[in-house]
Amino acid sequence: MELTNREAWTAAHGMIFGALFLLAFAGGLAGLWSLRPEWVTRAGVSERMLRLKVGVTGMALVAWVTTITGTYIVYPWYRAKPPQGTTDLTHYPKSLLLATSGKAEWHKFGMEWKEHVAWLSPMLATAAAFIVLYYGNQLIVDRRLRWAAIVLFVAAFAAAGAAGLMGAFITKAAPLQ
Amino acid sequence: MATSTMRSDGGKRIDEVTWTAEELDIVEKPNGPAAAALLAAAFGSLVMGILTTGAAAYTGFADKLNLQHRVGPLSGKVTFAGLAFVVAWAVLAPVLWKRDLAWTPVAVLAGALIVGGFTGTFPKFFDLFAPG
Chain L
18 MELTNREAWT AAHGMIFGAL FLLAFAGGLA GLWSLRPEWV TRAGVSERML RLKVGVTGMA
78 LVAWVTTITG TYIVYPWYRA KPPQGTTDLT HYPKSLLLAT SGKAEWHKFG MEWKEHVAWL
138 SPMLATAAAF IVLYYGNQLI VDRRLRWAAI VLFVAAFAAA GAAGLMGAFI TKAAPLQ
Chain D
41 MATSTMRSDG GKRIDEVTWT AEELDIVEKP NGPAAAALLA AAFGSLVMGI LTTGAAAYTG
101 FADKLNLQHR VGPLSGKVTF AGLAFVVAWA VLAPVLWKRD LAWTPVAVLA GALIVGGFTG
161 TFPKFFDLFA PG
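If you're matching them up, the sequences are chains L and D in order. Just so we're aligned, residue 18 is where the first sequence starts under my numbering, counting upward by one. Just so we're aligned, residue 41 is where the second sequence starts under my numbering, counting upward by one.
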């Protein structure tokens, strides 16, 4: 049971950071959604707020780590051009997809979407995290602030979700080895 | 004390507690800092969309975005979109820090910028501008 360097980085990018992102999103969204005046007690506020702050900050950090490792470590391997005369394209996923009948769209649509839309996520998640960290308990009594954070949070997740889904399909169609 | 009310929802009696800022020891802050963060992230998203579509439309522009050869034009897109986010935040935050803004225009503007970002990064959209 071994992973090559490329497989390890791809797994870290997609599965480890991706899973952490999902976990942080689920916790953060539940925390934000339930941060309503009628659902919190004075005693529960501080514990709940700490969990929320950790969740949203974690999500923003993981979003940056995932996009940076994806763009600067994994993506160059994906897009590398095979040397002239190479017939086995196994180690060149982009070229393999483009050369395989019925798989070109995984690059032309899937990868082109993934590599760009993913970058909206860390920016939106950072803004959501800032709102939660800066305003804290005020989110309980200020419905508009809470909704601003929720919308940013969900938009960040939508961007990362689209990228993650495409990434999973592309890895299935042409794995990095 | 928090206001405690009882309401009926489809025959179910529901307790509602409404906290005020003072009861939770909150010193209410103006919404300017939140607006600055929101608008900066939305602007960064839009820049990403514009750069992506621009690079699809003009090969020469894509070449200029090729800041790191291994990554290709994506390196320029993410660098400049990230810079746009940081610079916009750095400019807006001090200006809006102590201000309370009307939420609706901020939300509409931010929403439009974010939708622009999502649209500009969608292949079926930016491919429309790709040279034949």
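There's no promise every hint is true.
[As the list claims (entries may be wrong)] List time: in silico DSS-like cross-link candidates among lysine-lysine, alpha-carbon distance up to 30 Å:
id : chain 1 : residue 1 : chain 2 : residue 2
1  : L       : 125       : D       : 69
2  : D       : 104       : L       : 70
3  : L       : 98        : D       : 104
4  : L       : 111       : L       : 98
5  : D       : 69        : L       : 120
6  : L       : 70        : D       : 69
7  : L       : 111       : D       : 69
8  : D       : 69        : L       : 98
9  : L       : 189       : L       : 98
Read the hints as simulated data drawn from the structure, not as lab findings.
Going through the hints against the structure:
1. L:125 to D:69: violated (47 Å)
2. D:104 to L:70: violated (40 Å)
3. L:98 to D:104: Holds. Residue 98 (chain L) to residue 104 (chain D) sits at ~20 Å (cutoff 30 Å).
4. L:111 to L:98: holds (8 Å)
5. D:69 to L:120: violated (53 Å)
6. L:70 to D:69: holds (18 Å)
7. L:111 to D:69: violated (50 Å)
8. D:69 to L:98: violated (53 Å)
9. L:189 to L:98: Answer holds: residue 189 (chain L) to residue 98 (chain L) is near 20 Å, not above 30 Å.
The structure shown violates the earlier hints numbered 1, 2, 5, 7 and 8.
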